[in-house]
Amino acid sequence: MGRLILRRLLATVPVLLLVTAGVFTLIHLTPGDPIDVMMSESADATVKENLRRELGMDQPIYIQYAAWMGRLLHGDLGHSIRNREPVIENVGKRIRPSLQLAGLAMAISLIIATPIGILSAARRNTSVDRVGTSFALFGICMPNFLLALLLIFFFGVKLRWLPISGYTDPLEEPWLGLRSLVLPAITLGLALAAVVTRTLRSSMLEALSEDYVRTARAKGLSEWRVIRHHVLKNALIPVVTVLGLQLGTLIGGAVITEYVFALPGVGRLVVDAVFARDYPLVQGVVLLIAVGFILSNLLVDLLYGWIDPRIRYR
Amino acid sequence: MAGSIRGSDIAEPAPAIARAVTAPPMRERRWVVLRHAARTRLAPLGVVVMLAALVVAVLAPIVSPHDPLKQNLGNVLAKPGRAHLLGTDNVGRDVLSRVVWGTRVSLVAGLGSVAIAVVAGGLLGLLAGYAGGQADGLVMRLMDAVLSFPPLVLALALGAVLGAGLTGVVIALGVVYTPTFARLMRGQVLTITAREYVEAARALGAPGWRIAWHHVLPNAMAPLVIQASLSVAFAILAEASLSFLGLGIQPPGASWGSMINAGRGYLQQAPWIVFGPGAALFITVVGLNFVGDAVRDALDPRLRT
Chain A
282 MGRLILRRLL ATVPVLLLVT AGVFTLIHLT PGDPIDVMMS ESADATVKEN
332 LRRELGMDQP IYIQYAAWMG RLLHGDLGHS IRNREPVIEN VGKRIRPSLQ
382 LAGLAMAISL IIATPIGILS AARRNTSVDR VGTSFALFGI CMPNFLLALL
432 LIFFFGVKLR WLPISGYTDP LEEPWLGLRS LVLPAITLGL ALAAVVTRTL
482 RSSMLEALSE DYVRTARAKG LSEWRVIRHH VLKNALIPVV TVLGLQLGTL
532 IGGAVITEYV FALPGVGRLV VDAVFARDYP LVQGVVLLIA VGFILSNLLV
582 DLLYGWIDPR IRYR
Chain B
1174 MAGSIRGSDI AEPAPAIARA VTAPPMRERR WVVLRHAART RLAPLGVVVM
1224 LAALVVAVLA PIVSPHDPLK QNLGNVLAKP GRAHLLGTDN VGRDVLSRVV
1274 WGTRVSLVAG LGSVAIAVVA GGLLGLLAGY AGGQADGLVM RLMDAVLSFP
1324 PLVLALALGA VLGAGLTGVV IALGVVYTPT FARLMRGQVL TITAREYVEA
1374 ARALGAPGWR IAWHHVLPNA MAPLVIQASL SVAFAILAEA SLSFLGLGIQ
1424 PPGASWGSMI NAGRGYLQQA PWIVFGPGAA LFITVVGLNF VGDAVRDALD
1474 PRLRT
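Chains as they are written, first to last, in our numbering: chain A, 282 to 595; chain B, 1174 to 1478.
Treat the hints with care, since some could be wrong.
Unchecked claim - With the C-beta cut set under 8 Å, the calculated list includes, among others, these residues of chain B facing chain A:
#1 Arg-1255
#2 Val-1326
#3 Phe-1417
#4 Ile-1433
#5 Gly-1451
#6 Phe-1455
Claimed, not checked - Reference listing, derived: stretches of chain B covered by chain A, where coverage requires no fewer than 3 residues with Cβ under 8 Å from a Cβ of chain A:
#7 1234-1245
#8 1456-1464
Note that these hints are calculated values from the structure, not bench results.
Note that CB positions come from ideal geometry on N, CA and C, so glycine has one too.
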């Protein structure tokens, strides 16, 4: 297991380097002068020059990159142009709602997807299966901003059961906090639930056709015991992979969901930074998200090795 | 005991035989036919949706009942009715006409970005798989780096620096989808270059580019076509998401995502502003998914679920 961790960690180094290069280049892809874009043409020339110097943009590009990397290695991701605060502090303030939303969405997706996926596979080609696969298709094709608006329309506007926007920290006010996160978490969780349902159904169907299932049935075990003890354990491995792969979708979805429900999370921070043309903040947040994404994928890889011992010895 | 019979190798076909004996053959046959029809009827439905979207996009100036940009402040938030089938928006523009013109934007974005990804990813994958060595390492690490970004976040960041507008969004989504095609193509090339006919071409003295172009590329295209047909629907969704956030086509131009965003402030008084483009988007994506699944089943029956 130690060798697996080391091998995977080493493999992420070149990718991380390329990611930093990509994020650094981002600001230089701007058509025209990025300083003009960030500050509007009418801004004072001295102010513009100061910003150019502050961002090191008066230097050759390789020196800019080296300096930027040097600062990165010291944990300095730069400062927001708008509020002058370090990127890390900007993200630090916003991370809690995002993590709460992602956690709740993942929980909701598993609560929905597990029974549907199992029933769909166990009752293949019946009306139960058709309902399950239709649900998965609906979840995959439904844009989450549209789903968010439908939920707001029915549960917020028509029925007035839940708040339609805003955020209360569940750690401070548990009831109000949970109420403020329910609709965003369903919005985010449903698409994930659809993907998990599809994966669980097909991996269960595959496991159901294995010899060990036939043996278990031959022993006279009830169908439920066969599914619980023999099929489900093996069918869950691809689900873990999919959950890992879907982290990107979850983060992307969080951008939209936080925007629609006015949640003060990291996703909302990216959108605000993009529209304020606060490129140092965009760079910093995108880099942090990418690193978080790489590390969580690494974690999923290792988890995979832990769940399925065969992988450790490959 | 029942379990043991069902589980044994010899007894596997038993339930089918039992059904055949107990159920009337005609009824059984009808069920089989119906079941097959249920499974295959979705593909023609998808094709109809896709063709309808294409026709509407191409003939938008003819089929659009009103000017999509013409405001009528005396008739704002009008309910769906005979004059305006999907109602009017907050400045009195006809929602149906804007949905019709939005079809063009969605299809251009979906097809354009996937075309960029197929060409760029295909060529990069061909280079990586065929050249091998350092070129392979460099290209694939580059693709890994692109895949390290959550797709929407990358598209958002690229769209932001490329500037709001359809071109920026198409390029951004093209970049986001490129690694998928590069990986697919590389895998195909590695398999195909090990085949006998490539070795034969090599033995006959054919130059590398000729082998790559005439022997490897045509044989490696099937998985790319499958992936492309599945990706178009997701690219349309992604364009709508970016437009919803304000990065796509700019006002007063019509795109489904931006229309939904503009309508969310009027959800209580005029939900049709959101539901019109929302339904168009959902139906198109579902239809394209059916087509994508059918293409996959036709070209690679092993992947059938």
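Hints versus structure:
{"no.": "1", "hint": "Arg-1255", "in the structure": "violated, 25 Å"}
{"no.": "2", "hint": "Val-1326", "in the structure": "holds, 6 Å"}
{"no.": "3", "hint": "Phe-1417", "in the structure": "holds, 5 Å"}
{"no.": "4", "hint": "Ile-1433", "in the structure": "holds, 6 Å"}
{"no.": "5", "hint": "Gly-1451", "in the structure": "holds, 5 Å"}
{"no.": "6", "hint": "Phe-1455", "in the structure": "holds, 6 Å"}
{"no.": "7", "hint": "1234-1245", "in the structure": "violated (count 0)"}
{"no.": "8", "hint": "1456-1464", "in the structure": "holds (count 3)"}
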